[in-house]
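These protein sequence lines are chains A and B, in that order. Letter by letter, the first sequence follows residues 1 to 102 of this note's numbering. Letter by letter, the second sequence follows residues 1 to 640 of this note's numbering.
Not one of these hints is a red herring.
Only some residues are given here: those of chain B computed to face chain A with a beta carbon under 8 Å:
1. 597
2. 598
3. 599
4. 600
5. 601
6. 604
7. 605
8. 608
None of these hints come from the bench; they were simulated from the model. Model, not experiment: these values are computed from the prediction. No residue lacks a Cβ here, since even glycine has one placed at the ideal position from N, Cα and C.
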Amino acid sequence: MMEIGLNHYLVLSTILFAIGLVGVMRRKNLLLLFFATEILLNSVNIAFAAISHFYGDLTGQMFAFFVIAIAASEVAVGLGLLIVWHKRHGNIDLDNLATMKG
Amino acid sequence: MEKYLYIALFAPLVSSLFSALFTATPKKTFTGIVASLLIFSAFASSTVLLMYILNGGEPVHVEMMTWMATGDLYIPFGFVVDQISVTMMMVVTLVSTVVHIYSIGYMDHDKGFNRFFSYLSAFVFSMMILVMSDNYAGLFIGWEGVGLCSWLLIGFWFHKESATWAANEAFIMNRIADLGMLVGIFLIYWNTGTLQYEGSFEAFAHLDTETLSWIGIFLFIGAMGKSAQFPLHTWLADAMEGPTPVSALIHAATMVTAGVYLVVRSNELYSLIPHVGLFIASLGAFVALFAASMALVNRDMKRVIAYSTLSQLGYMFAAAGLGAYWVALFHLMAHAFFKALLFLGAGNVMHAMDSELDPFKMGGLKKVMKWTYIMMTLASVALAGIFPLAGFFSKDTILEAAFAEHHFIIYSVLLFTAGLTAFYSFRLTALIFEGEERYKLFGIHPHEAYKFMLVGMSPLLILAIIAGAFRTTFFEMVEELLSAVEYHIHSEVTLWIMTIGTQAFVVLAIIFAYKKYNNSRISVPDGTSKMENSFAYKLLINQYYIPYAYDKYLVAPYRELSDIFWTHIDMKIVDASVDGIAGIVYGTGEKTRTMQSGNLSTMLTWMVAGTLGMLSLAVVFGLAVRYSGEILAILSGLGV
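Starting from the given sequences, assemble the full structure and let the hints guide the process.
Right, dumping it as structure tokens:
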């Protein structure tokens, strides 16, 4: 049985980040876009926590908490805007959200 | 004394700025009056300074402020009033006061009345800087200033095609010469390390003749442009497109003599290089004859006087080139008085004749214009050099100087020119004032000019008559500064023969002119008479075909060359590269604007792509830096 080390955590983090990135690019539903963002942020959190443990330095874990706090507030603001948008337009499809077309 | 120096220098500037306030408003007589008063105050201050210098005062030297001080270069705004500059100041302020007063009447009906006074005073200011500066850089400022004002004033009636053309011609010709002058100034700085007159004159004594010759030649090129010497002379006759007071002030009395002033001012330089001086004298004598010959046949009153100015400038250069600087300066002064008078008289005639310039269409004007007739005749007598008027003393001294220096060719050329001068001057007065009243055929009703204009001109008339009396005083004043010598012809008899001979020759020329042109057979030439078809006449009336030659062999090829440069180099290289860069920017913008779809998904995708791109670049560069040693080894192995 192989011991689970730093590399495994980092690989997991990378895989999650890739999944999040694809989600951010491919999803057309605004709500799911937020999900993808959460995955991105949490993949980073995993990396922070793992490296912090590896070096025995708490700074990384502290940083992960900050990221969680910021993610929470981002989602709060984002969801609020999303609800307003849904009330106005009746959908949350990204393809209809193109008023900035140049 | 410094107070008077500053008044003399800055009163014209104040006058110019004051008149400039009203350039956009209709004619206001008070601008003319205020400008005249201010210029008069400059004249009064100059008189005070002259009296001070005459009473043996030390030259006034002030340094108003530092202009440039970098490294070894130090050029102040310094002004000096010594025997030379005070003479010039007197000439400039006196003639300009008269011209300002005269212009109030002459420009009476002109829409640009206020503007005219602004330009005219600006000219006086520039001219004062030119003559009062204590260094070559300040002189050059004034030099360019008078050039600019000359351009403004020649082209004063800018709605006339010919006036703008003449203004540009004068400006461009002067630029060519100014390049020479600038090179001369650079050479002075390069070799002496200073542009102050005092410092550089001291240093000249230690330089070798070759360097000095180059300096002298280049400075003289500048003088040739400003004083319209051959081959840069064509602009002066064309400059007569400007209003007549301008011709009197700028193109007769002051600006065109700036070249003579430069040579006189640099006398310590030119006395070290007599061979350049001899060239100047020969060119001067040549121009004297050359210009006088063109004046013989010209049918434009103002142009005849312009050629006469050119010819007299030749006299001045002949004197200056022979080392008789004080004679040149004295002739400059005397000439300024009678030539300005002649021009202002011509202005009166032009006014009376509805701007008609052809003297053949005038005749018999002495009945209606008695005072102008008297003034112009006396000015012509002075110009011809008849005893005891101003021209006699100054011109005869030039002849004596040439004779005493044993330059007999120059002497005889100048003597012959004196006869021509008398002939064309009196041809002009005879055609204008004597004989039949030919103007009646053209339905013109001449009238005398305003009385105040005539009164304003009278100081010039008085000076044209009596200026010769100042000869000894003037000589004693400038003696020290110009190391002047009285020219003595060894034998008393020779001197008497020379003087009486010259006088007789001149008087004969006058009588001949009167005989030929004061009779009832004179009519407006129509190009059929035998004389008009002779080769000599055609050569002279066409100004030796020099303007045509310039046009054909300089202007036209230059234009062609410019066209080639325009179509091939400017359009195809310069413009094309600039347009190309703009095109690339436009094209990229046009192509990449589709990226900006407004769709969040697309934008996020681009963002990710960009981040990845940057990241990979960072990785590549990081690796390259880390392995730079190995990469260099591989590259050198490949022989790069």
